[in-house]
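Asks: Here are the chains, one letter per residue:
There are 2 protein chains.
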Amino acid sequence: MADPIRRLVAELARLPGIGEKTATRLAFHLIRGNRQQVTDLAQALLDVTDKIRLCSICMNMTEADPCPMCTDGRRDPETICVVASPSDLIAIDRGGHFRGRYHVLHGLLSPLEGIGPDDLRIAELVRRLGGDPPVREVIIATSPSVDGEATAMYIARTLKPLGLTVSRIATGLPVGGELEYSDQATIARALAGRATL
Amino acid sequence: MADPIRRLVAELARLPGIGEKTATRLAFHLIRGNRQQVTDLAQALLDVTDKIRLCSICMNMTEADPCPMCTDGRRDPETICVVASPSDLIAIDRGGHFRGRYHVLHGLLSPLEGIGPDDLRIAELVRRLGGDPPVREVIIATSPSVDGEATAMYIARTLKPLGLTVSRIATGLPVGGELEYSDQATIARALAGRATL
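Going down the list, the sequences are from chains Y and U.
In terms of the numbering used here, the first sequence opens at residue 1 and continues consecutively.
In terms of the numbering used here, the second sequence opens at residue 1 and continues consecutively.
Careful: at least some of the hints might be erroneous.
Okay, derived cross-link-like pairs now, SDA-like style, lysine to any residue, Cα gap no bigger than 25 Å in a straight line [stated by the list, open to error]:
| # | chain 1 | residue 1 | chain 2 | residue 2 |
| --- | --- | --- | --- | --- |
| 1 | Y | K21 | U | F28 |
| 2 | Y | K21 | U | A123 |
| 3 | Y | K21 | U | R25 |
| 4 | U | K51 | Y | Q37 |
| 5 | Y | K21 | U | M153 |
| 6 | Y | K21 | U | T165 |
| 7 | U | K51 | Y | M1 |
| 8 | U | K21 | Y | Q36 |
| 9 | Y | K21 | U | I31 |
| 10 | U | K21 | Y | F98 |
Okay, the calculated bits of chain Y under chain U, using three or more residues with CB under 8 Å as the criterion [to be verified]:
| # | stretch |
| --- | --- |
| 11 | 28–36 |
| 12 | 130–140 |
In silico negatives: residues of chain U with every beta carbon more than 12 Å from chain Y [claimed, not checked]:
| # | residue |
| --- | --- |
| 13 | I52 |
| 14 | E63 |
| 15 | R136 |
Just so you know, the hints here were simulated from the structure itself, not pulled from any lab data.
All C-beta atoms in this analysis are idealised placements derived from N, C-alpha and C, irrespective of residue type, glycine included.
Make a model of the complete structure from these sequences and hints.
Replies: Written out as structure tokens, the structure is:
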């Protein structure tokens, strides 16, 4: 294999979920395809490294600082939704049901992986709360996993003394989910979180 | 999502087997990761478009023309193994059992997809045969698929009148394969291709 091809395969194989075989297939696809597609991809890669930084307010990835969401006057500045990652933010915002601001933690607490509170953007969250207008509610929207729950608990304990409402997204059966095929933990949480009709 | 990220996701999603979700995951992985990895990947992409061309003899992808295989004096120039693609060439050469030269067709005949003989590098193969020293044997190593078989038949018919040996790689049970779980077509071919012991 020619050296430039070998290098491209090696670089592609460093991506998560892409092994050497897939990398080889992708490389040959790119080489066979039109040059424009390859240079477009290369340019897109260079652009993200050049142009993307963290918003100094919400810590989301952005081209402009502060990001468009933090400067959007139609978004309620008194409610902040805390998420683990930019992709979680996108997942929530896609629905259009939340019209407040966000805060990206860039990870979850994980004692097993040695990730503590100082590795997340929690200090930046606390710093935002005293702004003007003051934040009224923080909704913690981390996943209902072990790490997500631990992170939610930690943030709740940190923020509660500050006298604002700290809430947690609901855990329960997904819409369209079948009770019959749901796991016991989800059913237990759905029961515990039942609402009066 | 910031524009540069959106563009990177779109470019990644154009790759075969990579949907929008995987593209988003890859993009965020790249942005989160170290900048060096991203620029290395971009550079590797630009390098293949800049430096890779087809060898004017064997049609394999190469940085130098003629390619290292065509100029390797230890490789028998009288035997040519015909393959559909550069990745098939790599698959065969990895084994080290073939020490002749190669010829890459860059595709297979496929009437359904409108791919005819002129779309493959068959004329270039015919042109090579009268060289010095003359080619003694052409081994057709296309896959035993419908298109692969059709391509092999076509090339055999084209080359036979030129008075050289045209052979075809064997079809049969794979090494370690279980007769019990083999498909009928493979078993039929293994029987038809039986060799006297």
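Asks: Quick check: which numbered hints come out false for this structure?
Replies: Per hint list: 2, 5, 6, 12, 13 and 14 violated.
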